[in-house]
Amino acid sequence: MADGRQEADELFDRILLADERFRGEGYQEGFERGTARGLQNGRRHGASHGAKLSSEISFYHGFAVTWRSLLEGNADDRSRKRLKALEALLNLIQRSPLEDPQSVKLQEDMEKLRAKFRQVCSMLNVSTDFKEYIKTAEGTSF
Amino acid sequence: MMSWLKSASFGGEDVFDENADELHLQSKEWTSNMKKRIKDGYVDGVSAGEEASLQVGFNQGFREGAAQTVAVGRLKGIVSAVWCWCQIQHPEKPVPAGVIDLLQLVTQHEEGIIDGIRKALENPPPSVSDVSESMEDLEVKQPGLGCGGTGCEDTDCCRSEQKMDLESSHHQHNLSSEPSGFPSRSHEGLDLLVRRCMDLVSELGLPQELIHHIEELRNS
Numbered sequence: 001m002a003d004g005r006q007e008a009d010e011l012f013d014r015i016l017l018a019d020e021r022f023r024g025e026g027y028q029e030g031f032e033r034g035t036a037r038g039l040q041n042g043r044r045h046g047a048s049h050g051a052k053l054s055s056e057i058s059f060y061h062g063f064a065v066t067w068r069s070l071l072e073g074n075a076d077d078r079s080r081k082r083l084k085a086l087e088a089l090l091n092l093i094q095r096s097p098l099e100d101p102q103s104v105k106l107q108e109d110m111e112k113l114r115a116k117f118r119q120v121c122s123m124l125n126v127s128t129d130f131k132e133y134i135k136t137a138e139g140t141s142f
Numbered sequence: 001m002m003s004w005l006k007s008a009s010f011g012g013e014d015v016f017d018e019n020a021d022e023l024h025l026q027s028k029e030w031t032s033n034m035k036k037r038i039k040d041g042y043v044d045g046v047s048a049g050e051e052a053s054l055q056v057g058f059n060q061g062f063r064e065g066a067a068q069t070v071a072v073g074r075l076k077g078i079v080s081a082v083w084c085w086c087q088i089q090h091p092e093k094p095v096p097a098g099v100i101d102l103l104q105l106v107t108q109h110e111e112g113i114i115d116g117i118r119k120a121l122e123n124p125p126p127s128v129s130d131v132s133e134s135m136e137d138l139e140v141k142q143p144g145l146g147c148g149g150t151g152c153e154d155t156d157c158c159r160s161e162q163k164m165d166l167e168s169s170h171h172q173h174n175l176s177s178e179p180s181g182f183p184s185r186s187h188e189g190l191d192l193l194v195r196r197c198m199d200l201v202s203e204l205g206l207p208q209e210l211i212h213h214i215e216e217l218r219n220s
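First to last, the sequence lines map onto chains G and D. Each residue of the first sequence is one higher than the last, beginning at 1 in the UniProt record's numbering. Each residue of the second sequence is one higher than the last, beginning at 1 in the UniProt record's numbering.
Simulated from the structure, these hints should not be mistaken for lab results. The beta-carbon is built from N, C-alpha and C at its ideal position, and this holds for glycine as well. Each hint should be verified, as a subset may be incorrect.
With beta-carbon atoms standing in for the labels, derived distance ranges [said to hold, decoys possible]: (1) D:Glu51 <-> G:Leu83: 45 to 51 Å; (2) D:His90 <-> G:Met123: 19 to 25 Å; (3) G:Val104 <-> D:Ser27: 36 to 42 Å; (4) D:Trp30 <-> G:Ser103: 49 to 55 Å; (5) G:Lys84 <-> D:Glu209: 16 to 22 Å; (6) D:Thr107 <-> G:Ser103: 26 to 32 Å; (7) D:Lys36 <-> G:Glu111: 25 to 31 Å; (8) G:Glu99 <-> D:Gln89: 33 to 39 Å; (9) D:Val56 <-> G:Lys112: 23 to 29 Å; (10) G:Val104 <-> D:Pro91: 43 to 49 Å.
Below, computed lysine to aspartate or glutamate pairings styled on EDC-like, alpha-carbon distance capped at 16 Å [claimed, not checked]: (11) G:Lys112 <-> G:Glu87; (12) G:Lys84 <-> G:Glu72; (13) G:Lys116 <-> G:Glu87; (14) D:Lys35 <-> G:Glu20; (15) D:Lys35 <-> G:Asp19; (16) D:Lys39 <-> G:Glu20; (17) D:Lys36 <-> G:Glu87; (18) D:Lys39 <-> G:Glu32.
Which stretches of chain G does chain D cover? Using the computed rule of at least three CB atoms under 8 Å from a CB of chain D, they are [what the hints assert, rightly or not]: (19) 65-79; (20) 87-96.
Input sequences plus hints: build the corresponding full structure.
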């Protein structure tokens, strides 16, 4: 009787273990597959957002550097004010958080950057239709 | 006594057949149950793995994508500023055709890079439903028949299938196989545009310092 009971317990344990083992094996396989897929999908979406955001920031950089070269050497008040604004824009760009897309400050910094760029454009008397060359990038995280 | 003997000697086969049928049924049920366990575990594992790696992949891709548009973005900013400068300095004259053309070419070049990345997005790897189908390939072994678990051949078999899957999508998407690089043609294209921009800036008699800034974009 005791032997029979023990046998039944063992059998039951074996069934439970098998159950867990098969589930665990499936999980392991799935986890590997899911990790590979997550990396790939995340990478694609990230690349798209990174490219757009970097394109926008790089545009501001090229724009600011060019105007600085063009205005440098002019000693009049208006040029000095413009140069100061351009330096401020370049400083913001240098601190742009492209290295860390998860940074909570990213969105905030981008808004500051765009505002500064608009200010610079207005100081340079640059027409608004020109600004349409820039497509803004949004969304940096899931 | 005679009837028992009779059934034992003549009906024995029938008795065993019945048992065999039942054993067969039980074994089929066991196999289907364990297949279901593997499948449940697999589906949970896929979601958990995907959730765990999505942001990591995003961050990696973000930096890679960002690196691809730095040079072309700067060049576009430079040509745009030159365009504005020409318009402001000589409001009575149209902006030189060379500046307009170059701005258009640089913009197209950048769109090409971003489109390439977007195209890779539009051809995602197989979805979860495809994966569920490939579950059929996961063979369930009877317990106690010597399947050693994770090291068994079936697992290897699944791994190689997964590898192939990854490789085929690598072929589809340049992005994956060339993590941080442009295709070389695009590289040459940008160098050509940088050269044109340098020529244009010296033609227009703009500061030497600006030409240095443009030159920095070559091979970057």
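Status of the hints after comparison with the structure:
no.: 1; hint: D:Glu51 <-> G:Leu83: 45 to 51 Å; result: holds (49 Å)
no.: 2; hint: D:His90 <-> G:Met123: 19 to 25 Å; result: holds (20 Å)
no.: 3; hint: G:Val104 <-> D:Ser27: 36 to 42 Å; result: violated (57 Å)
no.: 4; hint: D:Trp30 <-> G:Ser103: 49 to 55 Å; result: holds (53 Å)
no.: 5; hint: G:Lys84 <-> D:Glu209: 16 to 22 Å; result: holds (18 Å)
no.: 6; hint: D:Thr107 <-> G:Ser103: 26 to 32 Å; result: holds (29 Å)
no.: 7; hint: D:Lys36 <-> G:Glu111: 25 to 31 Å; result: violated (51 Å)
no.: 8; hint: G:Glu99 <-> D:Gln89: 33 to 39 Å; result: holds (38 Å)
no.: 9; hint: D:Val56 <-> G:Lys112: 23 to 29 Å; result: holds (28 Å)
no.: 10; hint: G:Val104 <-> D:Pro91: 43 to 49 Å; result: holds (44 Å)
no.: 11; hint: G:Lys112 <-> G:Glu87; result: holds (14 Å)
no.: 12; hint: G:Lys84 <-> G:Glu72; result: holds (11 Å)
no.: 13; hint: G:Lys116 <-> G:Glu87; result: holds (10 Å)
no.: 14; hint: D:Lys35 <-> G:Glu20; result: holds (12 Å)
no.: 15; hint: D:Lys35 <-> G:Asp19; result: holds (10 Å)
no.: 16; hint: D:Lys39 <-> G:Glu20; result: holds (12 Å)
no.: 17; hint: D:Lys36 <-> G:Glu87; result: violated (64 Å)
no.: 18; hint: D:Lys39 <-> G:Glu32; result: holds (14 Å)
no.: 19; hint: 65-79; result: holds (count 6)
no.: 20; hint: 87-96; result: violated (count 0)
Going down the numbered hints, you'll see the structure goes against 3, 7, 17, 20, while the others check out.
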